[in-house]
Amino acid sequence: MAKAEVNADKSRWEEETLTPFLEKTKARKEKFITVSNEEIDCLYTSDDVESDIANDLGQPGEYPYTRGIHETMYRSRLWTMRQFAGFGTAEETNERFHYLLKHGQMGLSTAFDMPTLMGYDSDHPMSMGEVGVEGVAVDTLKDMETLFDGIKLDEVSTSFTINPSAPVIYAMYVALADQQGVPRDKIRGTIQNDMMKEFMAQKEWVTHPRPSVDLVVDTFEFGVKETPKFNVISISGYHIREAGATAVQELAFTLANGFAYVEAAVKRGLDVDDIAPQLSFFFNSHLSFFEEIGKFRAARRIWARMMKERYGAKNERSWKLRFHTQTAGVTLTEQQPMNNIVRVALQALAAVLGGTQSLHTNSYDEALALPTEEAVKIALRTQQIIAHESGVTDTVDPLGGSYFVEKMTNDVEAQTIDYIEQIDKMGEGSILEGVLNGIDEGFFQRELAKSAYEYQRQVEKHEQIIVGVNKHTEDDGQRIPTLKIHPDVEARQVERLSKVRAERDGAAVEKALADIKAATKRGENTMPYMVEAVKAYVSVGEIMDVFRKVHGEYREPSMV
Amino acid sequence: MAKVGLDGHDRGVKVVAQALRDSGMEVIYTGLHNTPDQAVTAALQEDVDVVGVSILSGAHMTLLPKIRKLMDEKGLTDVLLMAGGTIPEEDKDELRQQNIGGLFGPGTFTEDIVTYINNEVDKLRGAPA
Chain A
1 MAKAEVNADK
11 SRWEEETLTP
21 FLEKTKARKE
31 KFITVSNEEI
41 DCLYTSDDVE
51 SDIANDLGQP
61 GEYPYTRGIH
71 ETMYRSRLWT
81 MRQFAGFGTA
91 EETNERFHYL
101 LKHGQMGLST
111 AFDMPTLMGY
121 DSDHPMSMGE
131 VGVEGVAVDT
141 LKDMETLFDG
151 IKLDEVSTSF
161 TINPSAPVIY
171 AMYVALADQQ
181 GVPRDKIRGT
191 IQNDMMKEFM
201 AQKEWVTHPR
211 PSVDLVVDTF
221 EFGVKETPKF
231 NVISISGYHI
241 REAGATAVQE
251 LAFTLANGFA
261 YVEAAVKRGL
271 DVDDIAPQLS
281 FFFNSHLSFF
291 EEIGKFRAAR
301 RIWARMMKER
311 YGAKNERSWK
321 LRFHTQTAGV
331 TLTEQQPMNN
341 IVRVALQALA
351 AVLGGTQSLH
361 TNSYDEALAL
371 PTEEAVKIAL
381 RTQQIIAHES
391 GVTDTVDPLG
401 GSYFVEKMTN
411 DVEAQTIDYI
421 EQIDKMGEGS
431 ILEGVLNGID
441 EGFFQRELAK
451 SAYEYQRQVE
461 KHEQIIVGVN
471 KHTEDDGQRI
481 PTLKIHPDVE
491 ARQVERLSKV
501 RAERDGAAVE
511 KALADIKAAT
521 KRGENTMPYM
531 VEAVKAYVSV
541 GEIMDVFRKV
551 HGEYREPSMV
Chain B
1001 MAKVGLDGHD
1011 RGVKVVAQAL
1021 RDSGMEVIYT
1031 GLHNTPDQAV
1041 TAALQEDVDV
1051 VGVSILSGAH
1061 MTLLPKIRKL
1071 MDEKGLTDVL
1081 LMAGGTIPEE
1091 DKDELRQQNI
1101 GGLFGPGTFT
1111 EDIVTYINNE
1121 VDKLRGAPA
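Top to bottom, those sequences are chains A and B.
Per the numbering used here, the first sequence starts with residue 1, numbered consecutively.
Per the numbering used here, the second sequence starts with residue 1001, numbered consecutively.
Derived from the structure by calculation, the hints contain no laboratory data.
Heads up, a few of these hints could be off.
[To be verified] Keeping only pairs whose Cα atoms sit at most 25 Å apart, straight-line, the calculated SDA-like set for lysine to any residue is:
(1) A:31 <-> A:459
(2) B:1066 <-> B:1079
(3) A:450 <-> B:1026
(4) A:549 <-> B:1034
(5) A:10 <-> A:44
(6) A:229 <-> A:338
(7) A:461 <-> B:1018
(8) A:377 <-> A:402
(9) A:152 <-> A:496
(10) A:152 <-> A:535
(11) A:450 <-> A:40
(12) B:1074 <-> A:125
(13) B:1069 <-> A:489
(14) B:1092 <-> A:500
(15) B:1092 <-> A:338
(16) A:450 <-> B:1106
(17) B:1092 <-> A:535
(18) A:142 <-> A:461
(19) A:521 <-> A:270
(20) A:484 <-> B:1107
Take the sequences, apply the hints, and build the full model.
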C-alpha cells in the first residue's frame, strides 16, 4: 500500500474498529508511559515514521550505523561479556578474576574501593570503613602486581572503572606491561576516566572541573602515541541515568560530554581522527524495553552525523560509536530479590537488540550488597543464554523497520538533539564550554534531581509499577546470603602500604612527585611522569595530592 | 540530612530531602563527603530533631555507630539518628540495637519515611504518637 493509503486505512481502523471497541472496553490505564515519562500510543504505522528511512538507517557497518557498527554484528563475534568485579584486597580480586576467566568471561573489569576512586590512600582518615568495601583497594603498583598475578596483559582486555585517579591506574597498567615485557601497544582495555559525568552525576572528584578535564586530555595524548589499543575513556551515561536521568537526558548529556572531550582534545592539538577512534561509550539499559533499544540506535546515528558533519572527522572509525552496557542497578529491588534475575535478563536483551559491544549484567543481590559468586554466575549465564539460546544474535538489528522501534529511535534522537543544542548555546557555540558552564551552574545536577523526584512520585502514585514494591508485594525482610567483606581488610591493606612505604627508595619518591608537580605547573603532559612515579611505588594518594595542592580541592556547590 | 564518607550516591538523599520538605519539614542537607564529625557538628549548630544519613557505600557498620557515639557524647541523646541506603538485613539488626533507626532500603516510599519521622520525633518528645 502506498503511504497515503496506509494513513487512510489507519483513520478508517480508528473509526470503525478502535473507537467502538474502546466504548465497550476501557484501556487498562488512561495513559501509557515509559519509565522516562514518554507517552506511548496504541498503534504505530508507517505514518509515524515519516523520516527518510533509507538515509536514516543505512546498512550495518555503514554510515550512519543505525543498524549497528559491524557488518554482520553478532554473527561474526558476540559482544564481550564483562562482569565487573573487585572487593577486599588485591589477592581476593585476583582469585575472582581467575574464577570468571575459568567460567568463560572474555574480559576483566575492575571495581575499586571508594578511597582508590577518590584518590586517597588506605591509611587516610577519610578512608576509614571504606577500604576494600565497594571494590578492591589499590594504593601502589605492588597491589596491581598482585591483582594481575598469573594474568598476561597481552592476553586479556581489562576495564578499569575509575575516574579522578584514572591517570594513576592507567600509569600503573602501563608500568605493569613494561614489567611483564609486554609492548605498550599490545595492551587492551579501558579506563573510565570520564570526569564530566562525575561532576554531573557520580560525584567522585579530586580537583575542579577544568583542571580535571586537562588531566583527562593528558591521558588522550599519551594514549594516542603509546597505547593505541587501549581506550583512554569510557564516556558514561550509566551513572547519569542511575542518578535519575530519563533515557533522553542520559543520551543527551553523555553525547554532549563526548563532543566536549573531542573539542578539548582538538584544542590541545590532537587530530580529531587520532582521538575519536579511541573514545568509547558506556550506557545504561533500563526498564522500558523499546525506548532503550531506540536510545542505543539513536546514539549511533547522532554520533556518526555530528562527528562527520560538525567535527569534520574523515576516518570511519571516528564515526562509529562503540559502547559498553550495564543493566540498570537502580531498578534492582531489595524486595523479592530473585525477581531481579528477570529484570536483568530483559535489560540485557534490550542492550543486545540495541547492538552493544560489551555487557555487564547485574546480579540479583546487588540492592543489598556486592554480589556473591553464585549471583554473579547467574548474571553471566543470563548473557550466555541470550547469546546462544534466544536466537536474537542470528540476524543484524532484528527490530529494524518496526514502526514502533523506528519511531522511538527518531523521538529519542530529536529530543536529544534539542538538549545538545541547548548545551551548545550555554557555551556560546562550544559544547565543551557549555558542559563546563552547566556543571558550574548546577544545570545538569538540577535536571537529574527533578527527573528522579518525578519518577519517585509516579511510583508512589502507582503510575509506574514495580513488582514487589508497589504491586504484588509480600512481607519484606527476606534474607538472602550476601557477600561479607572480611573485617580485617582495612588493617591488612594499611599494613601492606606501610611496608611498601618503608621499603621503597624515599629519594626516588620525592623526585617523582616533584617532577609531576613541575610538569603540572608548566602545563606539560603529566602522564610520562606518573608512569615513572608509580614505578618508584609512589601511591595513588600521594600523586593525587599534587593536583589537590596545585589546583585546590573541589567541593560541590550546595544545590538542594 | 547528610552523606558521610566518600560515597557519592546522592539521588536518594535528594529525593528524600525534597519529599520531607514537601511534607512541611525544614530540611538542611549538608552535601557530599562529610566526616561523621562534620555531620554531628552541623546537627548541633542547627538544633535538629533528626539526623538522616544516606549510605550506599557499604561503610554503614563503621560510620553509623561512629555518628551515634559522637551524637551521644555531645548531648544529642534525644535526637533521632536514622539512615537509608543499601544495608543488608543482618546489619540492620545490629544497628537497631545501637539506637540507629529507619534503615530504609531501595524501594521505600517517601510517605513511609515521613510517617516514621513524625512518630519517632513524637515519641522522643514524650508526646502521644
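So which of those numbered hints doesn't the model satisfy?
-> 6, 8, 14, 17 and 18
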